[in-house]
Amino acid sequence: MAADYARLLVQLRSFYDFTAKVVLLVGAGGGQLLDPGVKPKKLIAIDHDREALVKFERRVAAEGMQDFVDVVCAKFEEVALSGDVVYFEFCLHEMADPMRALVHARTLAPDIVVFDHFSGSAWAFQAAEEEKVRRSAEAMERFGIRRREIFRTEQTFRDYAEFLAKLSTQGPVAIERAGQFGGDLEITIPMDCHLALL
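My numbering numbers the first residue of the sequence shown as 3 and each following residue consecutively.
Accuracy of the hints is not assured; some may be wrong.
Subject to a maximum C-alpha distance of 27 Å in a straight line, what follows is the list of computed BS3-like cross-link-like pairs (lysine-lysine) [stated by the list, open to error]: (1) Lys44 with Lys23; (2) Lys57 with Lys41; (3) Lys168 with Lys57; (4) Lys23 with Lys168; (5) Lys134 with Lys168; (6) Lys23 with Lys41; (7) Lys44 with Lys57; (8) Lys134 with Lys77; (9) Lys43 with Lys23; (10) Lys77 with Lys43; (11) Lys77 with Lys44; (12) Lys57 with Lys23; (13) Lys23 with Lys77; (14) Lys44 with Lys134; (15) Lys43 with Lys57; (16) Lys77 with Lys57; (17) Lys77 with Lys41.
Treat the hints as calculated values from the structure; they're not laboratory data.
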């Protein structure tokens, strides 16, 4: 269902080495790419959604990672911790002011890694997030990208019900756009992503 998280993890691992680093993971509630194979010295998981962090903590315990993971329930802009890298996992585009978030991230760590949707992605359009993705991409360009990789994966769904369930939290525009697939089986939407080191 949905994205090929195994492939996304391979891309992340090959792009940046988190080994033995203090990582500030922003938007940790999703925790989709958390993996015991990524071995930071310390992972500080930050999210303002307490319920999402509870789920994250359960996954950390199930993966046996609790010894090196701390959880902070706060808005990212209010965090005053330091580390080696700030890692935004599919959340920079959700920030009210992506540039402000990047400027704040630079005060916390020398490296910033962003894993997010890329402008023009069919999935970003389907999820009615194309404007958010455009804003965050522009902020990254202005901030300065040291290195970037762009690649395509897919969001796949068994049927329309599963597809609609994934998009139901994205609002009425996303739900309306999903309507063209009503009754379809085996729905596949291309998802362009990028990894950037700032």
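For each hint, the structure was consulted:
Note on Lys44 and Lys23: the hinted pairing holds, with a Cα-Cα distance of about 7 Å set against a maximum of 27 Å. With a C-alpha separation of about 20 Å, the suggested pairing of Lys57 with Lys41 holds against the 27 Å cut-off. The hinted pair formed by Lys168 and Lys57 meets the criterion: a straight-line CA distance of about 18 Å does not exceed 27 Å. A C-alpha spacing of about 33 Å is found between Lys23 and Lys168, which places the hinted pair above 27 Å, so the restraint is violated.
Restraint check: the Cα-Cα separation between Lys134 and Lys168 comes to about 18 Å, which is no more than 27 Å; the hinted pair holds. Taking the CA atoms of Lys23 and Lys41, the gap is about 8 Å. The hint holds against a cut of 27 Å. For the proposed pair Lys44 and Lys57, the alpha carbon gap of about 19 Å is at most 27 Å, so the pair holds. For the hint linking Lys134 to Lys77, the alpha-carbon distance of about 18 Å falls within 27 Å, and the restraint holds.
Of the pairs offered as hints, the one joining Lys43 and Lys23 holds, with about 5 Å between alpha carbons and a cut-off of 27 Å not exceeded. This hinted pair checks out: Lys77 and Lys43 have alpha carbons roughly 23 Å apart, not beyond 27 Å. Restraint check for Lys77 and Lys44: satisfied, since their Cα atoms lie roughly 20 Å apart, inside the 27 Å limit. Only pairs whose Cα atoms come within 27 Å are accepted, and Lys57 paired with Lys23 is accepted, the gap being roughly 24 Å.
A distance of roughly 22 Å separates the Cα atoms of Lys23 and Lys77; the hinted pair therefore holds under the 27 Å criterion. At most 27 Å may separate the alpha-carbon atoms for a hinted pair to count; Lys44 and Lys134 exceed this at roughly 30 Å. Taking the CA atoms of Lys43 and Lys57, the gap is near 22 Å; set against the 27 Å cutoff, the hint holds. Between Lys77 and Lys57 the alpha-carbon distance is near 18 Å, which keeps this suggested pair within the 27 Å criterion.
With a C-alpha separation of about 25 Å, the suggested pairing of Lys77 with Lys41 holds against the 27 Å cut-off.
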